[in-house]
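Those protein sequences? They're chains V and D, same order as listed.
In this text, residue positions in the first sequence follow our numbering: the first is 5, and each later residue adds one.
In this text, residue positions in the second sequence follow our numbering: the first is 856, and each later residue adds one.
No lab work stands behind these hints, which were simulated from the structure alone.
Since we're looking at a predicted model, the values are computed, not measured.
Backbone N, C-alpha and C fix where the C-beta goes; we use that ideal spot for every residue, glycine too.
Treat the hints with caution; some may be incorrect.
[What the hints assert, rightly or not] In silico negatives: residues of chain V with every beta carbon more than 10 Å from chain D:
#, residue
1, Phe23
2, Ser69
3, Pro73
4, Asp123
5, Met146
6, Val227
[To be verified] So the derived label-pair ranges between C-beta atoms look like this:
#, chain 1, residue 1, chain 2, residue 2, range
7, V, Gly152, D, Glu1073, 52 to 58 Å
8, D, Glu1148, V, Asp84, 20 to 26 Å
9, V, Leu220, D, Glu1073, 40 to 46 Å
10, V, Arg191, D, Leu982, 56 to 62 Å
11, V, Lys6, D, Lys943, 38 to 44 Å
12, D, Ala868, V, Gln198, 55 to 61 Å
13, V, Lys6, D, Arg924, 28 to 34 Å
14, V, Lys6, D, Val1047, 41 to 47 Å
15, D, Glu942, V, Lys6, 48 to 54 Å
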Amino acid sequence: MKILVCITHVPDTTSKISFTDNNTKFNSNGVQYIIGPYDDYALARAVELKEQSGGSVTLLNVGGSETEPTLRKGLAIGADEAIRVNAEPTDAFFVAKQIAAVVKEGSYDLVLMGRESIDYNGGQVHGMVGELLNMPSVSPVMQLDLEGDTAKVAREIEGGKEYLELKLPLIAGCQEPIAEWKIPNMRGIMTARQKPLKVQEAVSDETMTSTLRYELPPPKSGVTLFQPDQIKELVDALKNEAKIL
Amino acid sequence: MPILVFIESAEGAVKKSSAEAVSYASAMAAQMGEKEIIAIALGNEVPEESLANLGKHGATKVLQVSDERLNQGVIQACAAVLHQAMEKTGSDILVLAKSSLGDPVAARVAIKQQAALASNIVALPNLDEGFVVKRSIYTGKAFTYVKLNANKKILAVKKNAVDLKEDGNPVTVETFEAVLSDADFNVKITKVEKAEGEVLLPEADIVVSGGRGMKGPENWGMLEDLAKVLGAATGCSKPVSDMGWRPHHEHVGQTGIKVSPTLYIAVGISGAIQHLAGVNSSKYIVVINQDPEAPFFKAADYGVVGNAFDIVPKLTEAIKASKN
Ligand SMILES: Cc1cc2nc3c(=O)[nH]c(=O)nc-3n(C[C@H](O)[C@H](O)[C@H](O)COP(=O)(O)OP(=O)(O)OC[C@H]3O[C@@H](n4cnc5c(N)ncnc54)[C@H](O)[C@@H]3O)c2cc1C
Ligand SMILES: Nc1ncnc2c1ncn2[C@@H]1O[C@H](COP(=O)(O)O)[C@@H](O)[C@H]1O
């Protein structure tokens, strides 16, 4: 079983987001980077599957050299090797092209991704890779078990869950509770340094979109507080000011 | 050239988010001087009359692919149909609602059509400097303006991006024949577990959400009562679904469902940044929390400092009274 886990290198979920250069660049000053939380679930499940039935787990990131500490962390969690496609992840299409080339080259049986990246929030890359390789893709996946070459999957749908069976190879966009996040231990951190991290160049530079500028939401104007005995006044405000009820 | 809109349904009815997608397409068509807005519905679960009513929201024609196999949203099959429909109708723009089915379907159609795709769109496009859309990024903490460079475009629209148009007239529903192979259905759906008759969280205009301050699952009745008088969906914080007090599909936030309702009522939720990430595009936020220092008050429009167990039933009564 060859498993590929695609991870993003994203600002910690508590980060304050800001921009520089006239709102055209992300301000990484003081920002802590982590493995995308959904990708972290994918990785945790990949490591579990490997423990159960053997095989290997390869990590993949499309990004600049600044993402290597994040890849090393993934190696410390239990992946065997890592690949970095040395390129700025300019849009989902560009990233999907790179991932598809790696999947094809390495003939992976299972490709695990996060349901979405928490910076770009597209939820697109897994579907695009699936289509590029003519492989099924499912997302968001809450449960994934293997029986031979069949994957049994639970997918979240609006208001519930859907249970599916599909043949490998397969691409899944993962979310909780597929596995518990794993924290690297000392031994993991030590061995991670020796594990291979291969850097390769992009296979194409095609994109479909370009980012012009960023913007922050306008600040909230402040809260209007009501006393516990002023509930009627609250309802009036919702009715007359917010015009909701 | 016509604009195509993908219609999703739930429990045999057109989803409100899809009606919003039609309204979006209609407003965009007006900007561009286009006349034709073709809505396409997959499967045979929605009655013809409801499909015809998509005209009210701005559709000029409705297509239905009444293949029963399409009732269950199989991603590859839906993508195959939409690809064929774009080809046959000559549409170079596809609009759809962002959803758990819409996103992966859009991604596959984008590759088939060599189209530029943008998801999480929060406003009508700006056509002055090319085709530029505004999308929500960093889980609601920021926006970006993205230029779509391909001739064909796919737009996945977030809830509340435009007002729902309701002044159009019903239109005719035509059958669309799609060519589907078994390979398009290479996924076996073995079971579906779905809460019935509930307001779907991602679709809801009003959400009543509870956190750890609710103390236990046995206290959810009062939130459900409040939700009922409001016609709202219920949501919760992550610890609440982690502890199994509520089902996972109600978990709101960074790692859960992102909602953008008109009104979000948060009860006994502290307002951690990861929770706020899922709710910060709500139009109005009401917070009920006993701790005046709870961070949620900073993100709120209206707040009550006090005990939820005392305030929630009073609020339910006050809303009932105001409706009479
Ligand atoms: C990577 C990551 C991702 C995460 N993703 C999410 C996510 O998607 N969604 C999410 O919700 N969280 C998420 N979290 C967790 C988040 O950080 C918080 O721990 C969580 O939101 C807290 O939930 P809570 O507000 O219900 O509980 P608490 O923080 O325990 O707050 C309970 C609140 O209830 C109030 N309270 C208590 N009793 C009463 C009463 N009787 N009446 C009124 N108020 C009362 C208290 O004052 C308190 O403010 C994530 C964390 C991480 C690290
Ligand atoms: N630059 C990248 N490198 C590796 N994997 C990525 C990258 N961008 C996105 N992915 C994967 O694709 C998933 C969906 O991303 P997105 O479509 O951006 O929401 C992520 O959770 C990752 O698993």
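Exercise for the section: Could you let me know if the closest chain D CB is still more than 10 Å away from the CB of V/Pro73? Expected result: holds (21 Å)
Practice task
Please confirm whether V/Asp123 is truly not at the interface, meaning its C-beta sits more than 10 Å away from all C-beta atoms of chain D.
Solution key: violated (6 Å)
Practice task
Take a look at whether the Cβ-Cβ distance between V/Lys6 and D/Val1047 falls inside 41 to 47 Å.
Solution key: violated (31 Å)
Exercise for the section: Look at the Cβ atoms of V/Gly152 and D/Glu1073 and judge whether their distance stays inside 52 to 58 Å. Expected result: violated (43 Å)
Problem - Interface-negative label, V/Met146 against chain D, beta-carbon threshold 10 Å - result: violated (7 Å)
Practice task
For V/Lys6 and D/Lys943, compare the CB-CB distance with the range 38 to 44 Å and indicate the outcome.
Solution key: holds (40 Å)
Problem - Non-interface claim for V/Ser69 versus chain D (Cβ beyond 10 Å) - result: About 23 Å separates V/Ser69 from the closest Cβ of chain D, which puts it past 10 Å; holds.
Exercise for the section: For D/Glu1148 and V/Asp84, compare the CB-CB distance with the range 20 to 26 Å and indicate the outcome. Expected result: At roughly 47 Å between Cβ atoms, V/Asp84 and D/Glu1148 fall outside 20 to 26 Å, so the hint is violated.
Problem - 55 to 61 Å as the expected CB spacing between V/Gln198 and D/Ala868, which holds or is violated - result: The hint (55 to 61 Å, Cβ to Cβ) holds, given that D/Ala868 and V/Gln198 are roughly 58 Å apart.
Problem - Range hint 48 to 54 Å (beta carbons of D/Glu942 and V/Lys6) holds or violated - result: For D/Glu942 and V/Lys6 the Cβ distance comes to about 36 Å; the hint is violated.
Handout entry: CB-CB spacing for D/Arg924 and V/Lys6 relative to the 28 to 34 Å hint
Key = Check passed, 32 Å falls within 28 to 34 Å.
Problem - Assessment of proposed distance window 56 to 62 Å (beta carbons of V/Arg191, D/Leu982) - result: Hint holds: Cβ distance 57 Å, inside 56 to 62 Å.
The structure is inconsistent with the numbered hints 1, 4, 5, 6, 7, 8, 14, 15, although it conforms to all the rest.
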